[in-house]
Structures are given as structure tokens and as C-alpha cells.
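*Asks:* Chains A and B supply the protein sequences, listed in that same order.
The letter at position 20 of the first sequence is residue 20 when you use this note's numbering, and the numbering goes up by one with no holes.
The letter at position 69 of the second sequence is residue 69 when you use this note's numbering, and the numbering goes up by one with no holes.
Bear in mind the hints are in silico, worked out from the structure with no lab data behind them.
None of the values given here were measured: they were computed from a predicted structure.
Hints are all accurate, no fakes.
With a Cα cut of at most 27 Å, we get these calculated DSS-like pairs of lysine-lysine: (1) B:K52 x B:K77; (2) B:K52 x B:K68; (3) B:K101 x A:K65; (4) B:K56 x B:K101; (5) A:K7 x B:K101; (6) B:K56 x B:K77.
Residues from chain B that keep clear of chain A, each with C-beta distances beyond 12 Å, as calculated: (7) L13; (8) S14; (9) F18; (10) T26; (11) N59; (12) K60; (13) T65; (14) R67; (15) K77; (16) G78; (17) S85; (18) V112.
We put the beta carbon where it would ideally sit given N, CA and C, even for glycine.
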Amino acid sequence: SAVISQKPSRDICQRGTSLTIQCQVDSQVTMMFWYRQQPGQSLTLIATANQGSEATYESGFVIDKFPISRPNLTFSTLTVSNMSPEDSSIYLCSVGAPTQAFFGQGTRLTVV
Amino acid sequence: GNSVTQMEGPVTLSEEAFLTINCTYTATGYPSLFWYVQYPGEGLQLLLKATKADDKGSNKGFEATYRKETTSFHLEKGSVQVSDSAVYFCALIINTGTASKLTFGTGTRLQVTL
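Just need the whole structure built from these sequences, with the hints factored in.
*Replies:* Structure (C-alpha cells):
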């Protein structure tokens with residue numbers, strides 16, 4: 001198993017600003033995943049972050065809006081840039097194994 | 001591609017009623033299947049999983065059986081409690097030998113009343 005710590009757990013931000021979410025894992029992992037859960041919706045994958053390479057973004061998500069860093073095998077950040085109210089969501093970090101996935105507690109973001 | 005289809009919610013039941021939440025999937029490979037639960041205001045928790053056909057996952061009185069012939073993984077509980085009120089997500093991972101992303105269903109909200 002893996003223990004994932006996400007910070008901040010929640011935040012209220014002004015539109016037009018940026019927020020960086022941190023994800024720390026208690027073990028070294030090759031791949032980390034960032035998901036978004038909009039209010040009342042399911043989880044959608046934003047991107048996959050591999051250490052030492054550019055993140056791979058899913059359709060509908062772009063690096064300028066959601067830049068990701070992966071400086072080592074236990075840490076990643078997701079930045080939500082130039083925020084608008086439509087970015088109000090829960091953002092979750094995840095790591096996995098071939099038949100398992102573990103999630104952080106999520107960051108509940110409200111943009112006003 | 002891969003997809004997960006869940007029954008529409010919300011599902012409203014009286015306490016001690018029997019619960020079934022349907023989940024079917026399509027997958028290009030050989031998936032592992034999961035049920036996650038999200039209690040109000042909380043994060044996502046793994047409820048149970050099954051990694052091969054005919055496996056039964058179980059936890060907290062919930063069960064789901066991996067049915068390859070019907071590509072289904074329906075969640076059941078014999079007697080629900082008010083504390084089971086939450087959103088339930090069915091999900092799959094394709095086993096590629098390395099970590100892979102989850103594909104989620106849309107979620108089913110369960111409301112249990114006294």
C-alpha cells in the first residue's frame with residue numbers, strides 16, 4: 001500500500017490567481033496521476049506524471065492551465081493556473097500498482 | 001476504449017433494505033475492478049476490489065463478483081444502514097504490468113433513511 005499526503009486540503013481562491021497542490025508519497029513510485037472531480041461529477045484524469053519526463057495530459061487538459069512538476073519519485077505538484085469559478089473542484093493525487101490504486105484525501109478548491 | 005457504466009442515482013432505501021448498484025464495463029484488456037466510496041465531505045476510499053474473473057470482493061458487508069461473461073461487477077449489501085449513505089463509484093484498471101490510470105463510472109448516490 002501507499003500513504004499519500006496532499007496539501008492544502010482545501011482553499012478558497014480569487015479568480016485569476018493560481019494554486020499549487022502538493023502530493024507526497026511515502027514510497028518511491030514511477031507514475032503519479034492527477035484527477036479532478038467537479039461538483040456532483042465523477043473523477044476525470046487530468047494527467048499522468050512520470051519522474052524525469054513531461055507529464056502526459058488527457059484530452060481537454062493542457063499544460064498551460066495545469067502545469068505539473070515531478071522532481072523526484074515521491075513528490076509531485078499540480079498548479080491550477082488563472083483560475084475561474086469553473087475550476088472549483090476536488091483535485092486528487094493517486095499512485096498505483098498493476099491492480100491497485102491509492103488516493104490522497106484530495107484538495108477541495110473553491111474559486112470565487 | 002475502456003468505460004464503466006453505473007446505474008443512475010440517487011438510490012433511496014430504507015434502513016435494512018437490500019442494495020444492488022449495477023456496474024458494467026467495457027475494456028480492451030484484462031481489467032481489475034473496484035468499488036470506491038465517498039462519504040459526504042470526505043475523500044475517496046477503496047471499498048472492495050476483484051482482480052480476476054469469478055473473484056468476489058467483500059468489505060463492510062458489501063460484496064461484488066467479477067463476472068467476465070456479463071462484463072459486470074454489481075455491488076450488493078444485504079441490509080443497508082444510514083451510515084452507508086454515500087456516493088459509490090465503480091472503476092477499472094487495465095493490468096499492463098505497471099501502474100495505470102483508473103477509469104471511473106459516473107457514481108451512484110445512495111441515501112438510506114430510517
